[in-house]
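Number of protein chains: 2
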Amino acid sequence: MNKLKVTGVLACIVLLVSHLSHASSILSGDDGYRLWLKYDYISHLEQRASYSQQLSHWHVAGNSSTDKVIRQELTYAFSSMLGNQAVDSQQGDASLLVANLAELPEALRNNATDGKEFKTDEDYLIYGFSENGQKKVLITGKTDVATLYGTYHLLRLVQTRQSIVSLNIFSSPKISVRVLNHWDNLDRHVERGYAGQSIWDWHKLPELIYQRYHDYARANASVGINGTVLNNVNADPLILTPQYLEKVKALAEVFRSYGMKVYLSVKFSSPQLIGGLETSDPTKPEVLAWWKQKSKEIYAEIPDFGGFLVKANSEGQPGPGDFGRTHAQGANMLAEALAPHGGIVMWRAFVYANEKNEERSKQAYSEFKPLDGKFLPNVLVQVKNGPIDFQPREPISPLFGATPNTPLMMEFQITQEYLGFSTHNVYLGPMYKEVLSTDTYAKGKGSTVAKVVDGSLFQNNISGMAGVSNIGSDRNWTGNVLLQSNWYAFGRLAWDHELSSEEIAQEWTQMTLTQNTQAVDKIVNLLMSSRETTVNYMTPLGLHHIMDEGHHYGPGPWIKDLGREDWTSVYYHKADEQGIGFDRSPSGVNAVAQYHEPLRSRLADPSTTPEEFLLWFHHLPWDYSIKSSGRSLWNELVHRYYQGASEVEEMAKQWSELQPWIDPLLFAQQTMVFNIHQQEAKWWRDACVSYFQSFAKRPLPDGLTPPAHPLDYYQNMKFPNAPGRGD
Amino acid sequence: MNKLKVTGVLACIVLLVSHLSHASSILSGDDGYRLWLKYDYISHLEQRASYSQQLSHWHVAGNSSTDKVIRQELTYAFSSMLGNQAVDSQQGDASLLVANLAELPEALRNNATDGKEFKTDEDYLIYGFSENGQKKVLITGKTDVATLYGTYHLLRLVQTRQSIVSLNIFSSPKISVRVLNHWDNLDRHVERGYAGQSIWDWHKLPELIYQRYHDYARANASVGINGTVLNNVNADPLILTPQYLEKVKALAEVFRSYGMKVYLSVKFSSPQLIGGLETSDPTKPEVLAWWKQKSKEIYAEIPDFGGFLVKANSEGQPGPGDFGRTHAQGANMLAEALAPHGGIVMWRAFVYANEKNEERSKQAYSEFKPLDGKFLPNVLVQVKNGPIDFQPREPISPLFGATPNTPLMMEFQITQEYLGFSTHNVYLGPMYKEVLSTDTYAKGKGSTVAKVVDGSLFQNNISGMAGVSNIGSDRNWTGNVLLQSNWYAFGRLAWDHELSSEEIAQEWTQMTLTQNTQAVDKIVNLLMSSRETTVNYMTPLGLHHIMDEGHHYGPGPWIKDLGREDWTSVYYHKADEQGIGFDRSPSGVNAVAQYHEPLRSRLADPSTTPEEFLLWFHHLPWDYSIKSSGRSLWNELVHRYYQGASEVEEMAKQWSELQPWIDPLLFAQQTMVFNIHQQEAKWWRDACVSYFQSFAKRPLPDGLTPPAHPLDYYQNMKFPNAPGRGD
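Listed in order, the protein sequences are those of chains A and B. Note that the first sequence covers residues 1 to 727 in the numbering used here. Note that the second sequence covers residues 1001 to 1727 in the numbering used here.
Hints are not guaranteed to be accurate.
Said to hold, decoys possible - These stretches of chain A come out as covered by chain B in the derived footprint (C-beta under 8 Å, 3 or more residues): (1) 95-107; (2) 198-205.
What the hints assert, rightly or not - With a cut-off of at most 20 Å between alpha-carbon atoms, the simulated EDC-like pairs for lysine to aspartate or glutamate come out as follows: (3) B:Lys-1718 <-> A:Glu-246; (4) B:Lys-1653 <-> A:Glu-207; (5) A:Lys-718 <-> B:Glu-1207; (6) A:Lys-653 <-> B:Glu-1207; (7) B:Lys-1718 <-> A:Asp-187; (8) A:Lys-292 <-> A:Glu-246; (9) A:Lys-718 <-> B:Asp-1187; (10) B:Lys-1718 <-> A:Asp-201; (11) B:Lys-1560 <-> B:Asp-1583; (12) B:Lys-1718 <-> A:Glu-207; (13) A:Lys-718 <-> B:Asp-1201; (14) A:Lys-718 <-> B:Asp-1583; (15) A:Lys-362 <-> A:Asp-389.
To be verified - With the C-beta cut set under 7 Å, the calculated list includes, among others, these residues of chain A facing chain B: (16) Leu-208; (17) Ile-559; (18) Asp-561; (19) Asn-721.
Read the hints as simulated data drawn from the structure, not as lab findings. Quick caveat: nothing in here was measured; it's all calculated off a predicted structure. We put the CB at the ideal spot given by N, CA and C, even for glycine.
Sequences are here, hints too, so could you generate the full structure?
In structure tokens form, the structure reads like this:
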């Protein structure tokens, strides 16, 4: 039915009708399922003609499963965008040729690759040349997967209406391991998931392979994500039983063609829980033997299995510490088991223990810094961007730059655990860039986090970046179409952290929402300011961890008296009648000592601390004068809360003006999301201002509407069924 | 973009392409979302022309929200099926007129309604007549909702390619309350749900109204379902708090236009749990006052609110028994609170208590029979079809026919809790019909269950049928496209229980899968035999409740030693070296005494007990001779298990031959489902035969392949993450 050979009016009517009959409902429209691979028709006649000329005859050499994927994608994309039957031609006739280096005629290979060094199997080249007077484009690389990446790059150029004439694009990923972390439980609950349940239907695997699994892999490959950790870091040991490994294998077989490896989160005590051993002590031979046997078992079925992700001795998870061993001993045991098969260990540095009498933000550094150089070469230590836990804004983790002999993997959170869940429209590109471009000064000026993570600062052999997925079973994948941009931005930056968050936003907008220039500009502006807006109405001036307890939904600055002090809000903001903020300077817990100079001294002094981190590092009096504005701390705090909430109103207004250029169904759905966003930004503002006012005992600056309700109204709000609960 | 005014080749290409770009993936195809409202293009030229002539000009009188729904549905359906722009004409020009009785010209009203008695607001008439030499069709009824029902009937005629010439169809629902029961928790987990999570996104309500809510209502209205209980009978008391009631209201406002009322399951102890009272004793004035106030609060926001569904004093739920009161006292208190607003109480008779020294199948009757006549007029007692719990086959509950003064509402299960979950292809139409057509003999021969339920046997004022929903967030709604037929069949039978399950299967197949006659026949045959097949490989000859514990997934005839004896399997099959079966005859627990004569005597004697209920009512020796086959009981049991499993293989084979006539994506997905079904039918067979053989100690009949594994292999299989767990 989708064969496009028909002509004439009758056939036209048939197709027209089958289009309608495919509509999902009366109000048929864009439901967001297609993500940025929407491939909408190019309505501009000349543009279409120009692309058509170059792309109407193409050829994919080879017949690997990846080649088939490329062929399928080109057929689909060109048919959709260009409106004609895409032709898979003979190689000689094709104006677009996709072939790996080995498949190329020698002369073409020599010409095309002249001066380029293909360092990795993923590097790709898009090369324009002339043959017999015909302009042609070649996409090549060492492997078929590299040509798949190149293919998506070319498609992106067309989707963003860029020229494809005389291209000479050579691209090499700056980071080698680019993975999503799914915090998905085996019962399909997603911890910190706000887009429905897990897309993995474990119960029906391995037999039932949804088309969605393929579409997931397509989306990831299109942005260069080359791996996925299928299950929650709070891991169920059952994942390593044969019953589940055959399900994992089925997914791995889908993802392989798209260049994606499968990884698993494992529970450190698995030898005891499912192996029948009496210990999981990493120094015991039977424990190592168990992991070796388990690895062998896995690789026999999944030869390209990626490796393990481990959360150990953190928030109740078992680990080597249970047996008096270090994180390095634990990680190395697993690394030894995986090494013969080429697997890696991603060992999380997110550790903090109640017993330790040390401030939480300092513990990961204290624990891991002494272990520098003690890890086997196939271990990556995975570090969250900040020292606490995925707050709207955090300073960088002091571990970045602190371990010259240990490769550190970045862990970003894409899902919005502390960022309002999926109804807050926050584009995280600027946050990721802020972190990556921060200077650690580890080897003097210019020692950015990005250079630590990509391995260039300390010449590491492997490098990695993980994003905690915001993907779920919701039809639009992320619970909110705008938040697809965060999945997209994560992947693009993991491949190339030098891209600007703005250009990524622009690409994504054109590919996903609209081609109208004016509308694209509006949307990009809206996206670019959205994260700062969120910081303002949630946690301005360095405030952090003041969300409601457990689920982290909504404001909860009043939270106290939990099982651990460092799970409460009052511990972090320390508001009292004198002032507010956490003294992490030398006069306090001296967390600044964990940073390199001159960052250390700069953060030690409130007058040189960037205002956005003021209350992270200092407890300051309510009348402290804010340099940039001249306002008192109290007035500035209130100002930012009100500023943030009114910026969300402005965002919603901007969105409402986009109606002419956005698909009607998508527009209507997103408008409802903006309604929630506006309400909740005001809720955050009012709850926090009311609460902090109870300490500051100062009036609101003139002209501001006071909170709608008394403080206890906000304190009494309860959300026992908020989604994404932790275990 | 969906406006169909375009002509010419260029426009054709545009639409053709936008069709493709709407495809959900490379393998675009039917993902099952559209259910039976698929409205595929009528490819047969003459058929299309004939329908077009009659339907191309239509008019919907009035402008209520229901009228708008009708207009939208006609536009969408006719555009899709007929391939031309549907025209909403002036009344005079229209060959199809949709108008309620009050909107009709008097002469037409008189002619059309001559001899018809519109008993309910839902009765509709489809009436063919001639005017000025033009053949016309009128759809009318007392209300707009009635005309909506009539509209769906007309559309069904077109979808099933029936004549719409000279129609004179008058239809009145046989049952007044036709509702789905969603066992959906407020955290979106669906108890006994096998199609993803709840479609109600409570967290984002009331602001976010998905198009899916509308499509849900469309589907229900199209089969005559006029209400829905939104939440689990194991009810969370929070549903009655203002926070949730505003969400309920938002859904009610969507459903209202489609003729659907919203109902809620309520927890009997709500006055204590959320009302701050110290008791929920139904005889206390403050308790009644609380419920009255709560009802007032609800009706102020939802004027057409349907009422409450209550599971009380059953499986740990609170109830009037906690205060020494009867079910009637509990139900009547709620009924009194709802009565001023027109609401009803649906009070479940599914009660059994550990303390009671009475066999489980007998308890509901013992509890409720003495209460007959004690309920207020707006109470319906909701009775499961059988006396245990939604087994693949059960005899009817003896309550049907036992309460001449109390209307009994039928509770069917659509979701397949005990029927293999959503990967077993079981069409339940024949099961529903088997129950409804069973004779209770309550007032002599012909006193069928259907007549009890529709109120005609005892002249009840209200009547009801509930179906426990199989709907979830899966794209195809029911986790398996074929199982949409059960939602469909439930609705059709609730409206008219005299329809045959075969004609329902045929309608559904044509509307959902294919128009090819040969293919339709194959599918209908496959559907019609599927339930008997399932009984054979799961619970032949009256066996029951031998599923694995808790989740009820897979075989577990060996289950014993649970918290309650009547939760185990061994309690129900009582296999030993002598024989097998539960003696419910007068020599045993004498459950047969609860039925009317002559059923009672027939069931008391194995020689007159229908073979399908043999082991339900009798414990028989392994060598007992089965009348129909002459086989020994052991051989017959084994024969049926093998028969069932081989029938599933045959079903899968039949399905595989349908490829030419089924959408490719849908075909591929369903083929995978059949693979699971085949495997699991063999698993059931092998596990049960192995287990029962350990008692019977007899060989398999000649020629049968022995089970693939020893018994302990099956006994050791564990499924802690099986979906749909109970609370």
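Are the Cα atoms of B:Lys-1718 and A:Asp-187 separated by 20 Å or less?
The given pair, whose Cα atoms are some 14 Å apart, holds under the 20 Å limit.
Is it true that the CA of B:Lys-1653 sits at most 20 Å from the CA of A:Glu-207?
Holds, because 17 Å separates the two Cα atoms, which is no more than 20 Å.
Given the hint that A:Lys-718 pairs with B:Asp-1201, does the C-alpha gap stay at or below 20 Å?
Between A:Lys-718 and B:Asp-1201 the Cα gap is close to 17 Å, so the pair holds against 20 Å.
Hint check: B:Lys-1560 vs B:Asp-1583, CA-CA at most 20 Å. Holds or violated?
With a Cα-Cα distance of about 19 Å, the restraint between B:Lys-1560 and B:Asp-1583 holds, given a limit of 20 Å.
Pair hint outcome, A:Lys-718 versus B:Asp-1583 [Cα-Cα no greater than 20 Å]:
Cα-Cα ~52 Å, so violated.
Chain B contact restraint on A:Leu-208 - CB to CB distance below 7 Å:
Where the cut-off is 7 Å and the nearest Cβ of chain B is about 5 Å from A:Leu-208, the hint holds.
Given the hint that A:Lys-718 pairs with B:Glu-1207, does the C-alpha gap stay at or below 20 Å?
Holds - the C-alpha atoms of B:Glu-1207 and A:Lys-718 are around 18 Å apart, at most 20 Å.
Any CB of chain B closer than 7 Å to the CB of A:Ile-559?
violated (20 Å)
In terms of beta carbon proximity below 8 Å, does the region 198-205 of chain A have 3 or more residues touching chain B?
holds (count 3)
Residue hint A:Asp-561, partner chain B, criterion CB-CB below 7 Å:
violated (24 Å)
Holds or violated: is there a CB of chain B closer than 7 Å to the CB of A:Asn-721?
holds (4 Å)
Hint check: A:Lys-292 vs A:Glu-246, CA-CA at most 20 Å. Holds or violated?
holds (18 Å)
Going through the hint list in order, the structure does not satisfy hints 1, 14, 17 and 18.
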